[in-house]
Each structure stands twice: as structure tokens, then as C-alpha cells.
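Peer 1: Line by line, the protein sequences give chains R and S.
Each residue of the first sequence is one higher than the one before, starting from 14 at the first, in the numbering used here.
Each residue of the second sequence is one higher than the one before, starting from -6 at the first, in the numbering used here.
Think of the hints as simulated: they come from the structure by calculation, not from any bench.
You may find that some hints are simply not true.
Heads up, simulated BS3-like pairs for lysine-lysine below, C-alpha to C-alpha not over 30 Å straight-line [claimed, not checked]:
1) K314/R <-> K83/R
2) K64/S <-> K80/S
3) K191/S <-> K146/R
4) K117/S <-> K203/R
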Amino acid sequence: MRHPVRWLIVSLLIVLFAGNSFADVPGADVGKKVGVLLVNHGSRSATWRNALLQLESSVTPSLLAIPSVKGVKTAFMEYTEPSIATRMREFDAAGMTDVIIVPVFLAVSPHTFDDIPTILGMKEDPRSLQQIKIENIQRYTPRARPHLTPPLDFTDLLQKNLLRRVSALSKDPAREGLVLIGYGDETYDKEWIELFNKVADFIRERTGIVGYSYGWCGHIANYNPEETTAAINTVLKTADTALVIPVLVAHDEMFQIKIIGDGIARVPDNKRRVVYKPDAILPDPDVERWVMTVAQEYVEKIQGQVSQAKR
Amino acid sequence: MMMWWKRLVSQFNRETLARLNVAVHRDIGYTCTSLILAYCLSGIAVNHIGDWNPDFVITKQTVSLPRSLTKEQITPERIEEFGRLVKEDSYKIYDFPTSDQVKIYYDNASLHVNLTTGEGTYEKVSRRPLLYQVNALHLNRLQGWKWVSDVFAFILIVLSLTGLFILRGKYGLARRGRWLVLAGLVPPIVALLIFEIK
């Protein structure tokens, strides 16, 4: 050891380069512990919640097979536990460094864009802050770094999903009209209408169904069945039969039975002229695949950040 | 002798009970006044939830940009320019809900701009004084308040029952009171009948 300082520098350089090359291996676990949180709106309906919990059960084995994903959970934004705050606390307790938050919501809305980030301390939207307080939703800023994915890009997925459900109900497309009933959103009304129109065009092209109309059943419609009735009546002006499809994530008695059901009951001669099945988007293997794809993409982003930081 | 004694005891009990009834009704009435008023006020406000926001005053202002922009053209400097349109000196953050929209967050306010149309909505949120607070009580937003509400509901039952026996004679329950109690039953029964027929 004639030059101990030189040896020390050389050894340090070897360690540093070795570390870098390890981080560059795709999919390598670089000390990141990633959790995946499937966030949904939440509901008082147990059927609704079970559908979302079933989604978690279906995707968990595949998600846990992704290197560095160490946990998968579901959180309900409103009404019931486990809430987002509860789940993020659990992830923190488990020592997660990053959490990928997948909003299982139909399209952009203040829930995905403002409420969830505000709950997680990523934003302070004034309206969300007030709403969260009066709805007793806990805010929690996690130690783990949250990565919020966009909401389900449902365009392709919704097209396939609805085509399957419409085809199952359709008997005489040339005499039928399509009625899509969704939650709707006041702020992003344009986006919701565009999404529904696009999906309806896709279905009508492939099935030959003549008419089309849509209606909202959520907050924007004051949870009233009137919009459902109006949408059906619009379609029935040109078609003999209306196929009513709930474009809702899961089955909730209040929506599929009470609001949409009541809306149908107000249509004259509804037993003969309205075809309706109170089903929902879930279960759908394509939604599971989407969750997998988006989680995988974000894991790679997280690992990419680590690699870049090491360089 | 016995008859006289029985009558005296019975008279005494009736008098005592009547006095007790009045005292209970009076004191519960005094104690519950503020909460009854709060719940009534909130009840009226929440009844019209479809027509207004009973908790918040949401002030909106429309702004127009001189020209349409793209997401790529949005810089912190531009965001500050937008802020000047609504007299906001500094923003917290900004974010893009869609590829042609930007939302800017301020203290208790936000500005949501559609970059394609150049139209924006500035929104300020503030609590409705008094109504926000009474709604918090009425809608059990306070943790544990539902138990207070249950006790309050029980007390209101006592209040209405004791109220039935305050007066005797011409204006008592046995005569005029009976008809008024029955008259009070008419609106809910008619409403429910109409509801069932529909």
C-alpha cells in the first residue's frame, strides 16, 4: 500500500460505477418500495364497494409481480372506510417510499383533479378544502411520495365494454335507440358529452342502432330521474325501443335501481318500449388490464427517476 | 271518609302531575330554544339544496383572454398575467385538467381557463355566516354530535307530549285540542296518499 489515498479513490469510483450500472438494469429493485392505491368515489352501497374490492383482488397478484411493488390497496374517497387517509397511513407504516394512486373514475372530474390531490396535501383547492371538511373526509400528507395517475382513459375501454353490453340487449337494431345514462359533471360537461358521443358513435356504427341520447343521474342532475326519462323520450321519438345502458363504474342501488329505474317507470308504455339491465362497467377484464398497464408505467417512471438521480 | 280521602289523594296527584307537566314543558322549551331555532333555520336552508348552496357563497367572475393559447405556451409568467385579470398577486400552483385547460389555485380562490376558447371562470369560496354553522350541527358534521341529536330528538318528543296536556277544559286536549291535533295529521297523510297514488 504505497499510495493509500489513490487506492481509496479507485475503490470509491468502482463502488459508484457499480451502483450506477445496477440502477440501469430495467426493472431492478433499487430500494424503492412502491404501493398501489386504487381510489374510487365510494358509496353507501355494499354491492358497489364489493365490485371495487373485487377489482383489487383481481389485479393484486399481477401487480405484486412487478418488481418493487410491495402492496396493493383500495380506498374509498367518501362515505366509508378505508379512506384515502387511512390507506396512506398504512402505506407509510409499511415503509413505502412511493405510492401510485390510480383513480378508478370514469372521466376527468373535480374528484380526480382537485379532491384527491387536496386530500393528499398535493393541492389546496378552495372548494375541495371546504367540501372535504363538511363531509368529514380526512386530509393526510403522506411520507411516501404520491404519484397520481390520470383517471381511466375510458374511451377505448368504454367502447368495448358498452358494445358488449348493448349487443347483449339488442334484438332489432334498426328499430332501437341507445340511451346512455352517466353520472355527469358540471365543470367538465363538455368532456363528458364528447366521451359519450364518441362511444355512442362507435356502438351505432357497429350495431346499426338508429337513435341515441344521453342523460345524467348524478349531482349535476340533482340525483333526479327526470333526465333519464327525458333522454329515453327523446330516443323514442325516432325509435320503437330504447336500450338504456348505465355508464357507471359499479352497481349502486340508488343509481341503477332508484334513479334510473324511476326514470324508466315514468316513460309511457315502458314495459314494451324500454329494455334495461341495471348492470355496470365492472367487472371488466379490460379495466384490470388498464390498472396493470398504468401501474407498470408509473413504476418504470419511479425507477427512471432513481436511475437519473444516481447519474 | 275513605271516599273523601281517595278523592283528595287523586286530586293531589292530578294537580302535582299537571304542575310537573307544565314545569317540564316550560323548562325544556327554554333549554331547547336555541337548538330548535338553529335546526329550523338549517332545515329551511337545506330544503332548497337543489336551488342554492346552503353552506358556501361561491362568487364567480368570467374572464376572457385576448387570444387562444396552447398548453405549451403556458409559462409561470403567463400564469401571473392571468392572475392580474382577477386581481390576484400570487398563485399557489397551476395544473392542467385536460390538454386545453389550465387551473390556477390562489388563497380561497381558483381560476379555470379554457385555452382554446380563451374563456375563464374565477371562483371565490366563502362560508355562509351562521348557516354554515347551523348546517354543521343539523347535518351531524361534528364528530359525535349524532348522539346529542338523538338526545335532542328524545327531548323534543317529551316537549310535544307535555304540550298536549298543558291546558284543560275548553282549550284542552279533550275538546278543542283534539281537533287541532287531528288537523295537524291531515297534511302528512294527504301528502303520503298522493305519493302512493302517483
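Peer 1: All the hints need checking, so say for each whether the structure fits it.
Peer 2: These are the hints, each one checked on the structure:
Pair hint K314/R plus K83/R holds up; C-alpha atoms about 16 Å apart against a cutoff of 30 Å. With a C-alpha separation of about 23 Å, the suggested pairing of K64/S with K80/S holds against the 30 Å cut-off. Between K191/S and K146/R the CA atoms are separated by roughly 39 Å; this puts the pair beyond 30 Å, and the hint is violated. Only pairs whose Cα atoms come within 30 Å are accepted, and K117/S paired with K203/R is accepted, the gap being roughly 22 Å.
In this structure, only the earlier hint numbered 3 is contradicted, and the remaining ones agree with it.
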